[in-house]
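A.B. asks: In the order they appear, the protein sequences are chains A and B. The first sequence begins at 1 in the numbering used here and counts up by one. The second sequence begins at 1 in the numbering used here and counts up by one.
In case anyone wonders, no lab produced these hints; they're calculated from the structure. Check the hints yourself; a few may be wrong.
Unchecked claim - The calculated lysine to aspartate or glutamate pairs, modelled on EDC-like cross-linking and capped at a C-alpha distance of 20 Å, are:
1) B:LYS79 to A:GLU97
2) B:LYS114 to B:GLU126
3) A:LYS15 to B:GLU201
4) B:LYS290 to B:ASP241
5) B:LYS60 to B:ASP29
6) A:LYS15 to B:GLU101
7) A:LYS15 to A:GLU97
8) B:LYS228 to B:ASP204
9) B:LYS60 to A:GLU97
10) B:LYS79 to B:GLU158
11) B:LYS114 to B:GLU135
12) B:LYS290 to B:GLU246
Here is how the chains run, residue by residue.
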Amino acid sequence: MSIATTVAHSAQLTKRSVRGRLRQPAALAPAFIFPLFFAALGSASFNRLARDPYFSENIASSFLDYAVAGAVVQGVLFGATSAAGDLATDIEQGFFERLLASPISRVSIVLGRLAASMVVGVSQVVVFISLFVAFGARVTSGAVGVIGLIVSGALLGLAMAGLMAAIAIKSGSPEVVQGSFPLVFVLLFLSSAFFPRHYMTGWYRTVADWNPMSHIVEGMQGFMNHELNVDQFVKAWLVPLGISIVGIAFALRSLNRRLAAS
Amino acid sequence: MTSSPIVAAQLVRHFGSGDDVVKAVDGVDLEVNAGEIFGLLGPNGAGKSTIVRVFTTLLKPTSGSARVAGFDVVRDADKVRRSIGVALQDAAIDPLMTGRELLNLQAVLYGLTKGAGRTRGDELLERVGLTAAAERRVGTYSGGMRRRLDLALSLVHEPTVLFLDEPTTGLDPMSRLTLWEEVRRLNKSGTTVLLTTQYLEEADQLADRIAIVDHGRIVRAGVPRDLKAQVGSPTLFIDVDQSHIESARSTLARFGELRPSAEGTLGVGLVRGAEDVALVVRALDAAGIKVRHLELNEPSLDDVFAEATGHRLEGAQ
Chain A
1 MSIATTVAHS
11 AQLTKRSVRG
21 RLRQPAALAP
31 AFIFPLFFAA
41 LGSASFNRLA
51 RDPYFSENIA
61 SSFLDYAVAG
71 AVVQGVLFGA
81 TSAAGDLATD
91 IEQGFFERLL
101 ASPISRVSIV
111 LGRLAASMVV
121 GVSQVVVFIS
131 LFVAFGARVT
141 SGAVGVIGLI
151 VSGALLGLAM
161 AGLMAAIAIK
171 SGSPEVVQGS
181 FPLVFVLLFL
191 SSAFFPRHYM
201 TGWYRTVADW
211 NPMSHIVEGM
221 QGFMNHELNV
231 DQFVKAWLVP
241 LGISIVGIAF
251 ALRSLNRRLA
261 AS
Chain B
1 MTSSPIVAAQ
11 LVRHFGSGDD
21 VVKAVDGVDL
31 EVNAGEIFGL
41 LGPNGAGKST
51 IVRVFTTLLK
61 PTSGSARVAG
71 FDVVRDADKV
81 RRSIGVALQD
91 AAIDPLMTGR
101 ELLNLQAVLY
111 GLTKGAGRTR
121 GDELLERVGL
131 TAAAERRVGT
141 YSGGMRRRLD
151 LALSLVHEPT
161 VLFLDEPTTG
171 LDPMSRLTLW
181 EEVRRLNKSG
191 TTVLLTTQYL
201 EEADQLADRI
211 AIVDHGRIVR
221 AGVPRDLKAQ
231 VGSPTLFIDV
241 DQSHIESARS
251 TLARFGELRP
261 SAEGTLGVGL
271 VRGAEDVALV
281 VRALDAAGIK
291 VRHLELNEPS
301 LDDVFAEATG
311 HRLEGAQ
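Put together the whole structure using the sequences plus the hints.
C.D. replies: Next comes the structure, spelled out in structure tokens:
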């Protein structure tokens, strides 16, 4: 199968996935509502933290500025999990088999979903940043920082969708995919998404130090709260890119195994 | 090498292994001629769908070989997929997409240009009577509409070989007739059709030839009329009181071979045909057996099925 064909098939399936997401507002809503809720809750509860000299000098000028990155990451993870759930639904309900009976490029089935997650991730970043800016947040690194955040959101969507797609293809069950999401959420809570690492102690701090999610969030927080620097790009782009490579590899391996088992 | 568009030789497909192995297809030889409608008839779990899934490249054979449109289903799977149309058992169609969107997607997957795909989509929507519903999401379609859309999707690339897996299961009689008409029309235009069904009438009405499948094997194959003629005599079914069933059985055996029948009913193949009915009734009466219900059936595919397998087809109509 030629690369042009694979791209054409992937593009069609991306279009289908994005359209499917938009046509399920009830499934899409949590990916927007919950992160905003947590950000609002955090801002209301922890805003006094911004008076702490260390926080205001090194982390963010307000807790709202700090909370933006966590909200974006949370929303993207929600969205990517839902996309993988849709893939599992395709398997469970037979649409996956319909595709396999056609001369489709096999990898397009996975790539279409992953690309759709990136598209949804980008739109989530744009919506979140617009809303937070409307409520007083500020992107210190300017337009380039906004682009940095958008690319980071897309890469994180790709990374998480890849990992979740591997589970979706292996299990063929939307319930299993949804059941895996709490683990992702635990990973998020054990990171600096909702609270800075500087204030953590003991095992919680150790886990957060090793948690790649902390570094992605902090890279994004860097775009929000500091002038541009290389560290932000490394954390916000390269870490999710690395996870994406692993995720895509797992997803394609699951696909190959499922096809080989048929 | 045969030029038939669908060929299987000693086709085997097992699931599982060891003591738990399920022999879904167990040594099937099959040859479907160009331009014919061939029916695989059998109950649920007989192996019909597994045979279709091997032919359509969705499953690899455990052993044996299968060729479709001249291509091996394992070695030339992609060429097979380009040559065939497939409508699977559950009409698995994305409920969030519209009929037209699905046709457009299918057209891209089969390499049609955007314009050609659109034109072909319009033709097919009209052909299956879904033009008015083309922009509606499939989730709002009835079962019959989904099946017709499924058929249209399988025809986007004008395949020469069409596989229909239980195309009318669950449909109302009107939708079933509409689909039969469309299948006949396709066949007249030269498409070779292999369909699976558990409906005797469907196999009888639609198929030029049939194969009866039971426990993964083809137990009879041929033209429905010839198969029925081989059964020969009509079957007399009688209902008698349970306390008299054994004596009724021995009485009936005097008039012909006892045939499988539903529980609580006895069936006998009348060697001399309908003229024996009066004699059977008199003999049962003389033996003090009261007949509650009596029915004489000309040989049907169910009789063929019963003779070949020892049991009647579940859900026979």
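A.B. asks: Does each hint fit the structure? Answer for all of them.
C.D. replies: Here's how the hints hold up against the structure:
no., hint, in the structure
1, B:LYS79 to A:GLU97, "holds, 17 Å"
2, B:LYS114 to B:GLU126, "holds, 18 Å"
3, A:LYS15 to B:GLU201, "violated, 42 Å"
4, B:LYS290 to B:ASP241, "holds, 7 Å"
5, B:LYS60 to B:ASP29, "holds, 16 Å"
6, A:LYS15 to B:GLU101, "holds, 10 Å"
7, A:LYS15 to A:GLU97, "holds, 19 Å"
8, B:LYS228 to B:ASP204, "holds, 10 Å"
9, B:LYS60 to A:GLU97, "holds, 14 Å"
10, B:LYS79 to B:GLU158, "holds, 14 Å"
11, B:LYS114 to B:GLU135, "holds, 17 Å"
12, B:LYS290 to B:GLU246, "holds, 13 Å"
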